[in-house]
Amino acid sequence: MKALSVRQPYAWFIESGEKEVEYRTWKTDYRGDLLICASTNREPGIVEEFGVEGMKQCPAGVAVCVATLADIQPTEGIWGWILKNPRPVEYFPVKGKLHLFEVDDGLIRFSARRCKTPTELEQEPEFD
2 MKALSVRQPY
12 AWFIESGEKE
22 VEYRTWKTDY
32 RGDLLICAST
42 NREPGIVEEF
52 GVEGMKQCPA
62 GVAVCVATLA
72 DIQPTEGIWG
82 WILKNPRPVE
92 YFPVKGKLHL
102 FEVDDGLIRF
112 SARRCKTPTE
122 LEQEPEFD
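With the working numbering applied, the sequence shown corresponds to residues 2 to 129, in that order.
Wrong hints could be hidden among the right ones.
Below, computed lysine-lysine pairings styled on DSBU-like, alpha-carbon distance capped at 30 Å [said to hold, decoys possible]:
hint, residue 1, residue 2
1, Lys96, Lys20
2, Lys28, Lys3
3, Lys85, Lys96
4, Lys85, Lys3
5, Lys85, Lys98
6, Lys20, Lys98
7, Lys20, Lys85
8, Lys28, Lys85
9, Lys3, Lys96
10, Lys3, Lys98
11, Lys3, Lys20
12, Lys98, Lys28
13, Lys28, Lys96
Rather than coming from a laboratory, the hints here were simulated on the basis of the structure. Everything numeric in this text was worked out from a predicted model, so none of it was measured.
Throw the hints in and build the complete structure from the sequences for me.
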């Protein structure tokens, strides 16, 4: 399956369905299922933004979900990749690469796991 590396927390946002557009400086003619892989590099400030519970939702260096690349639209000098129907997979290690790359289909196992969305985490009451 074709795969795409995405930094955390954005891979989590895609898996949760809260991020439907991934912006890239390049486009592809490919349309169809993409394995979304969380790169080992995380966006700075993720712990401060989402706390420890958020970090549990953000594993690094693993496959997190399959989403359908439905379309690519030009947007202010970059490309908006329209992602639909994210389905979680059992985590397994993946070494990320630039651009699209191939991952053996035999490694992919769909999961019943449901991650909390960033919005759900924001709405949870805080306990002291």
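Here's how the hints hold up against the structure:
1. Lys96 x Lys20: With Cα atoms ~23 Å apart, Lys96 and Lys20 stay inside 30 Å; holds.
2. Lys28 x Lys3: holds (14 Å)
3. Lys85 x Lys96: holds (24 Å)
4. Lys85 x Lys3: Answer holds: Lys85 to Lys3 is near 15 Å, not above 30 Å.
5. Lys85 x Lys98: holds (22 Å)
6. Lys20 x Lys98: Status holds; Cα separation ~21 Å.
7. Lys20 x Lys85: Distance ~9 Å between Lys20 and Lys85 Cα, so the pair holds.
8. Lys28 x Lys85: holds (17 Å)
9. Lys3 x Lys96: Satisfied, since the Cα-Cα distance of roughly 13 Å is no more than 30 Å.
10. Lys3 x Lys98: holds (11 Å)
11. Lys3 x Lys20: Holds - the C-alpha atoms of Lys20 and Lys3 are around 19 Å apart, at most 30 Å.
12. Lys98 x Lys28: Satisfied, since the Cα-Cα distance of roughly 16 Å is no more than 30 Å.
13. Lys28 x Lys96: Status holds; Cα separation ~21 Å.
Violation of the numbered hints given earlier is absent; every hint is satisfied by the structure.
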